[in-house]
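Enquirer: Take the sequences, apply the hints, and build the full model.
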Amino acid sequence: MQEDEFAGQPLLAPYREARRSLGPIGRLVVLAPPYPVLGIGELRVLRIDPPDAEGRPAVIVSYEGYERLS
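Counting from 1465, one number per residue, gives the positions in the sequence shown under the numbering used here.
Certain hints may be false.
Distance ranges between label pairs, derived from CB positions [to be verified]:
1. Gly1519 <-> Tyr1499: 33 to 39 Å
2. Arg1532 <-> Leu1510: 19 to 25 Å
3. Pro1498 <-> Glu1528: 14 to 20 Å
4. Pro1478 <-> Gly1519: 20 to 26 Å
5. Leu1502 <-> Ile1524: 24 to 30 Å
For the record, the hints were derived by calculation from the structure and aren't laboratory data. A quick note: this is a predicted structure, and the numbers were derived from the prediction, not measured. By construction, the Cβ of each residue, glycine as well, lies at the ideal position given by its N, Cα and C atoms.
Expert: Now the structure itself:
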C-alpha cells in the first residue's frame, strides 16, 4: 500500500472493517487512559501512519469508551 492510499482510509471506522483493506500491519497501538480500564464498544481506527521499510503501516486504535476498574 502506498502512502497516498491512506488518504482514503475511513478514520473512526471499526477496526475489523478497516483491517480487511490494510493488509499486514507493522504495529497496532491501542490508546487508553493511564489507569486500569475496560474497553467498551467498538475498537475504532484513529490514525494510520505511513508504512515502515517493509511496507507495513502502524495503526492507532481506541475503544469507543472506557470504564475505570477499581
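Enquirer: Now tell me if each hint is right for this structure.
Expert: Quick rundown of the hints versus the structure:
1. Gly1519 <-> Tyr1499: 33 to 39 Å: holds, 36 Å
2. Arg1532 <-> Leu1510: 19 to 25 Å: The hinted range 19 to 25 Å holds for arginine 1532 and leucine 1510, with Cβ atoms some 20 Å apart.
3. Pro1498 <-> Glu1528: 14 to 20 Å: For proline 1498 and glutamate 1528 the Cβ distance comes to about 19 Å; the hint holds.
4. Pro1478 <-> Gly1519: 20 to 26 Å: holds, 24 Å
5. Leu1502 <-> Ile1524: 24 to 30 Å: Roughly 19 Å apart at Cβ, these two residues miss the hinted range, so it is violated.
This entry does not satisfy hint 5, going by the numbered hints stated previously; all others are met.
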